[in-house]
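**Student:** Residue numbers (my numbering), protein chains in the order written: chain V, 3 to 243; chain Y, 10 to 234; chain F, 108 to 419.
Source of the hints: derived by calculation from the structure; they are not laboratory data.
Careful, some of the hints might be misleading.
To be verified - Taking beta-carbon pairs under 10 Å as the criterion, some of the chain F residues facing chain V (in silico): (1) Glu-194; (2) Lys-242; (3) Leu-320; (4) Ile-330.
What the hints assert, rightly or not - Some chain V residues flagged as far from chain F (calculated, every beta-carbon gap over 10 Å): (5) Arg-59; (6) Leu-62; (7) Ala-63; (8) Ala-84; (9) Val-89; (10) Leu-96; (11) Val-121; (12) Arg-134; (13) Arg-138; (14) Gln-184; (15) Pro-217.
To be verified - Calculated lysine to aspartate or glutamate pairs in the EDC-like style (CA-CA distance at most 20 Å, straight line): (16) Lys-402/F to Asp-193/Y; (17) Lys-402/F to Asp-31/Y; (18) Lys-396/F to Asp-18/Y; (19) Lys-345/F to Asp-18/Y; (20) Lys-343/F to Asp-193/Y; (21) Lys-221/F to Asp-186/V; (22) Lys-221/F to Asp-329/F; (23) Lys-376/F to Asp-220/F; (24) Lys-327/F to Asp-193/Y; (25) Lys-267/F to Asp-329/F; (26) Lys-262/F to Asp-248/F; (27) Lys-345/F to Asp-193/Y; (28) Lys-396/F to Asp-193/Y; (29) Lys-237/F to Asp-369/F; (30) Lys-396/F to Asp-24/Y; (31) Lys-402/F to Asp-18/Y; (32) Lys-310/F to Asp-22/V; (33) Lys-402/F to Glu-131/Y; (34) Lys-308/F to Asp-22/V; (35) Lys-414/F to Asp-389/F.
Virtual Cβ for every residue (Gly too), placed ideally from N, Cα, C.
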Amino acid sequence: MHFLGQVVAWFTTASHWQGDGGVLHRLGEHLVMSAAATATAVVLALPVGVVLGHKRRGGLAAVNVSNVGRAVPSFALLVFGAQVFGVGPLPAYLALVALAIPPIVTNSYTGVRQVDPDVVEAARGMGMGEARILGRVELPVAMPLVMAGVRTAGVQVVATATLAAVVAWGGLGRYIVDGLAQGDQVQLFAGALLVAGLAMAVEVGLGVLQRVLTPAGLRLRPRAQRRVSYLPGAAAAPEAT
Amino acid sequence: MLLGANGPDSWVWWDWIGRHGDTLYAAAREHVVLTVWAVAVGLVLSLPVGVAAWHWRRFQPVALGLTGAVYTIPSIALFALLVPVTGLGRVTAEIGLVGYTLLILVRNVVAGLDGVPADVREAARGMGLTPARTLLRVELPLAVPSIMAGVRIATVTTIGLVTVTALIGQGGFGQLIYDGLVRDFHTPLVVGTVLSVLLAVVADVTLVLLERVLTPWSRRRVKAV
Amino acid sequence: MLHLTRRRAIGAGLVALVLLVGACGSDSNDDSSSTSSSAASTTAVKKAITVSSANFPENEMLARMYGAVLANAGYPVTYKLKLGAREVIQPALESGQIDFLPEYAGNYLSYLDKSAGSMTVDDTVASLRKLLDPKGISVLDASAATDADAIAVTKDFATKNGLTTISDLAKVKTALTLGGPAECETRSTCKLGLEQVYGLKLKFKPLDADGPLTRAALDKGDIQLARVFTADADLKTKGYVVLEDDKHFQQAGNIVPVIRTDKLDDQAKALINKVSAALTTDALIDLNKMVQVDKEDPQAAAEMFLKSHGLL
């Protein structure tokens with residue numbers, strides 16, 4: 003209990019919240035970095051996955067490339083970033099973008115691909131153009147899976163941003179890396195609590211967003227989602243970091 | 010720095026690779042050992058937990074919540090927190106790695122058992138099988154594809170995570186990656202990364218083949234491959 | 108199903124975290140100190156020795172050097188290298204997870220005794236022995252080879268501000284940021300000392316132990332001061348200026364091997380001391396160049412040195 007008391011004291015010390023090394027600043031860094039990386043990955047990866055899914059061609063290759071991408075250790079990505087771009091936010095940002103792309107490609111491809119062909123044919127029969135079919139029919143139907151991919155990517159990015167402290171970036175990971183280096187268990191533990199709490203909050207937050215963005219009639223039945231979760235290539239399971 | 014160049018400062022220094030067969034082999038062995046133990050122990054723990062979570066619905070949120078909570082802790086934090094308790098050794102690395110397999114495996118065990126068609130279950134009952142025998146002889150075998158899907162994800166995830174254990178003195182290929190960071194040395198970084206990815210791909214393919222062997226009844230398409 | 112119960116699952120997750128908190132808190136002060144055994148050197152069986160190092164190349168190379176000599180004499184040697192900073196390694200040494208470590212006299216002492224001032228090598232070693240003997244850790248002979256911490260700036264920055272000593276930094280009007288490994292921030296031989304002894308007001312950026320990140324940050328101007336090692340081969344070739352420590356806040360950088368007493372016998376002691384006696388600062392600088400610039404394996408560099416001195 004003595005240790006817990008010290009952790010509580012750490013959190014209630016005002017100086018731990020203020021300034022460049024304070025929780026608020028670190029939290030801000032962590033969130034801005036994670037949001038920027040995830041948003042960039044969405045902009046880059048979503049169109050690729052969606053268009054491939056719509057064309058129903060080349061997708062397997064994309065999914066395979068993407069799955070190999072998931073196997074690249076995020077630790078290695080960060081070290082690559084540091085060796086190519088030195089210190090600063092850029093290496094962490096690029097590594098996190100690279101990390102977030104695979105689940106988004108895979109899920110948006112799988113999501114669009116799974117749309118019932120009869121529905122698409124019906125839309126075509128009604129005289130809808132390809133772009134409209136994609137935007138009005140396929141994308142809304144695919145939305146739960148697409149968002150599941152974004153959510154997976156987002157949570158992964160938040161967790162991996164912690165590791166970026168090893169290559170000299172800021173964020174909440176600093177408390178963990180510095181605590182470890184300084185033999186300061188209290189700081190280390192406080193940092194771990196902060197990061198775990200943030201990861202859970204992001205998981206829940208993106209879950210809410212996923213529900214909001216999914217048309218009411220299409221919200222995934224649990225059973226359907228489970229089936230998806232072990233389709234080869236469907237990245238419904240997040241990756242630990 | 011050029012890809013074509015071949016020396017201490019190039020991205021791939023072939024001579025170095027040629028001279029370090031032993032290092033690479035030792036790293037590969039450590040990586041495989043850490044991964045296999047983590048997934049095996051994870052599976053041994055997840056099967057009963059998964060079955061229990063499937064059988065007693067009230068236990069399900071507890072099981073998934075606990076394993077999910079472990080899952081959200083970034084690996085470096087978990088390993089760092091374990092060091093004062095379990096020291097700087099393989100045990101610390103394994104505890105962390107096993108922890109990360111649990112959510113995936115438990116979830117897939119539950120999903121697999123859920124996926125067993127009701128009429129199959131009824132038929133087993135009708136044939137006079139006890140619930141325990143039904144579980145062992147009918148339900149679990151039918152859940153194998155789902156469980157194996159979990160094992161595949163858990164394995165690939167673990168192979169990536171093992172690299173982080175380099176920060177606590179373990180690491181397999183992670184040691185090469187860390188050496189690359191500390192010495193500003195590209196070659197071990199590139200080699201460690203490539204081999205880690207390769208290991209993940211090989212492990213995944215191996216598990217797909219293993220699944221074929223374990224589920225002979227679904228081997229219809231084996232000739233087509 | 109999974110989604111219906113998500114909220115409850117998260118609740119349970121939080122409970123789990125709290126449990127985890129309790130579990131970790133209860134034995135964070137696991138002080139399994141030494142088993143006081145007299146070094147029974149008469150036994151024919153040689154004790155297994157776990158050789159360890161901190162996470163920078165020179166230390167790893169030194170660990171390999173001492174380890175190679177012990178292994179050559181028939182001791183079963185295993186390695187646990189790159190374990191991080193002293194703050195991580197010392198607890199592992201005290202609890203017996205590792206047995207041997209090449210240390211640096213002055214920094215080691217100021218880690219163990221925050222109030223220790225600057226003193227001669229002999230006094231430092233004597234103080235170390237007084238502190239470590241009761242913990243079952245033996246401090247062997249200090250080597251003449253030194254690698255001390257130092258503060259470096261770029262040549263441009265030194266010229267522009269007319270800097271030759273650390274005291275000169277007081278003249279600099281712009282904000283100063285110091286870069287170094289994370290543990291530097293709380294060490295009296297690093298940022299703390301600079302502030303207390305020299306009265307400087309510094310910002311700090313956690314990077315690495317005079318590795319690529321520190322160099323990159325110094326070159327880029329993210330930091331103005333870098334914590335470096337005096338035995339680094341490329342300090343001069345890269346055009347950095349080491350500021351003179353005119354108020355002597357830095358400690359003696361002599362290499363001093365430490366080993367758990369229960370693993371130490373007379374033969375091991377003689378072997379280790381012989382290596383320390385052969386090492387010089389110049390040799391250390393050459394070896395560092397091999398490992399860090401030419402990317403020679405730490406082990407190969409260590410063995411090369413040992414062979415050329417007839418120690419292997």
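**Student:** So, for every hint listed, does it hold in this structure?
**Tutor:** Tested hints:
1. Against a cut-off of 10 Å between C-beta atoms, the interface hint on Glu-194/F holds, since the closest Cβ of chain V lies about 3 Å away.
2. Below 10 Å, beta-carbon pairs count as interface contacts, and Lys-242/F has none with chain V, the closest being about 16 Å; its hint is therefore violated.
3. A distance limit of 10 Å between C-beta atoms decides the matter here; for Leu-320/F the minimum to chain V is near 5 Å, and the interface restraint holds.
4. Restraint check, Ile-330/F versus chain V: the minimum CB separation of about 9 Å is within 10 Å; hint holds.
5. With a minimum CB-CB distance of about 33 Å to chain F, Arg-59/V clears the 10 Å threshold, and the non-interface call stands.
6. At roughly 28 Å from the closest C-beta of chain F, the C-beta of Leu-62/V stays outside 10 Å, upholding its exclusion from the interface.
7. No beta-carbon of chain F comes within 10 Å of the beta-carbon of Ala-63/V; the shortest separation is about 31 Å.
8. For Ala-84/V, the requirement that its beta carbon stay farther than 10 Å from each beta carbon of chain F is not met, with the minimum near 7 Å.
9. With a minimum CB-CB distance of about 5 Å to chain F, Val-89/V fails to clear the 10 Å threshold, and the non-interface call is violated.
10. In this structure Leu-96/V is separated from chain F by more than 10 Å, as the shortest Cβ-Cβ distance comes to about 15 Å.
11. Listed as a non-interface residue, Val-121/V keeps its Cβ farther than 10 Å from every Cβ of chain F; the least gap is roughly 24 Å.
12. For Arg-134/V, the condition that its CB be more than 10 Å from all CB atoms of chain F holds, with the nearest at approximately 31 Å.
13. Here Arg-138/V stays apart from chain F, with its beta-carbon at least about 26 Å from theirs, past the 10 Å limit.
14. Against the 10 Å criterion, Gln-184/V falls within the reach of chain F, whose nearest CB is about 5 Å from its own CB.
15. Every Cβ of chain F is farther than 10 Å from the Cβ of Pro-217/V; the closest lies at roughly 16 Å, confirming the non-interface assignment.
16. At most 20 Å may separate the alpha-carbon atoms for a hinted pair to count; Lys-402/F and Asp-193/Y meet this at roughly 9 Å.
17. For the proposed pair Lys-402/F and Asp-31/Y, the alpha carbon gap of about 17 Å is at most 20 Å, so the pair holds.
18. Among the hinted pairs, Lys-396/F with Asp-18/Y is consistent with the structure: their alpha-carbon atoms are about 14 Å apart, no more than 20 Å.
19. Between the alpha carbons of Lys-345/F and Asp-18/Y the distance comes to roughly 16 Å, so the proposed pair stays at or under 20 Å and holds.
20. Between Lys-343/F and Asp-193/Y the CA atoms are separated by roughly 18 Å; this keeps the pair inside 20 Å, and the hint holds.
21. Between Lys-221/F and Asp-186/V the CA atoms are separated by roughly 15 Å; this keeps the pair inside 20 Å, and the hint holds.
22. For a cut-off of 20 Å, the pair hint linking Lys-221/F to Asp-329/F is broken: about 29 Å separates their Cα positions.
23. Taken as a hint, the Lys-376/F and Asp-220/F pair is broken in the structure, with Cα atoms around 25 Å apart against an allowance of 20 Å.
24. For the suggested pair Lys-327/F and Asp-193/Y, the alpha carbons sit about 16 Å apart, so the restraint of at most 20 Å is met.
25. For the suggested pair Lys-267/F and Asp-329/F, the alpha carbons sit about 17 Å apart, so the restraint of at most 20 Å is met.
26. Among the hinted pairs, Lys-262/F with Asp-248/F is inconsistent with the structure: their alpha-carbon atoms are about 37 Å apart, more than 20 Å.
27. Proximity of Lys-345/F to Asp-193/Y is assessed by CA-CA distance (about 15 Å); at most 20 Å being required, the pair is judged to hold.
28. Between the alpha carbons of Lys-396/F and Asp-193/Y the distance comes to roughly 13 Å, so the proposed pair stays at or under 20 Å and holds.
29. Taking the CA atoms of Lys-237/F and Asp-369/F, the gap is about 17 Å. The hint holds against a cut of 20 Å.
30. Taking the CA atoms of Lys-396/F and Asp-24/Y, the gap is near 19 Å; set against the 20 Å cutoff, the hint holds.
31. With a C-alpha separation of about 8 Å, the suggested pairing of Lys-402/F with Asp-18/Y holds against the 20 Å cut-off.
32. Restraint check: the Cα-Cα separation between Lys-310/F and Asp-22/V comes to about 9 Å, which is no more than 20 Å; the hinted pair holds.
33. For the hint linking Lys-402/F to Glu-131/Y, the alpha-carbon distance of about 67 Å lies beyond 20 Å, and the restraint is violated.
34. Straight-line distance between C-alpha atoms of Lys-308/F and Asp-22/V comes to about 15 Å, which keeps the hinted pair within the 20 Å bound.
35. Pair hint Lys-414/F plus Asp-389/F holds up; C-alpha atoms about 17 Å apart against a cutoff of 20 Å.
Taken one by one, the earlier hints fail for this structure at numbers 2, 8, 9, 14, 22, 23, 26 and 33, listed in ascending order.
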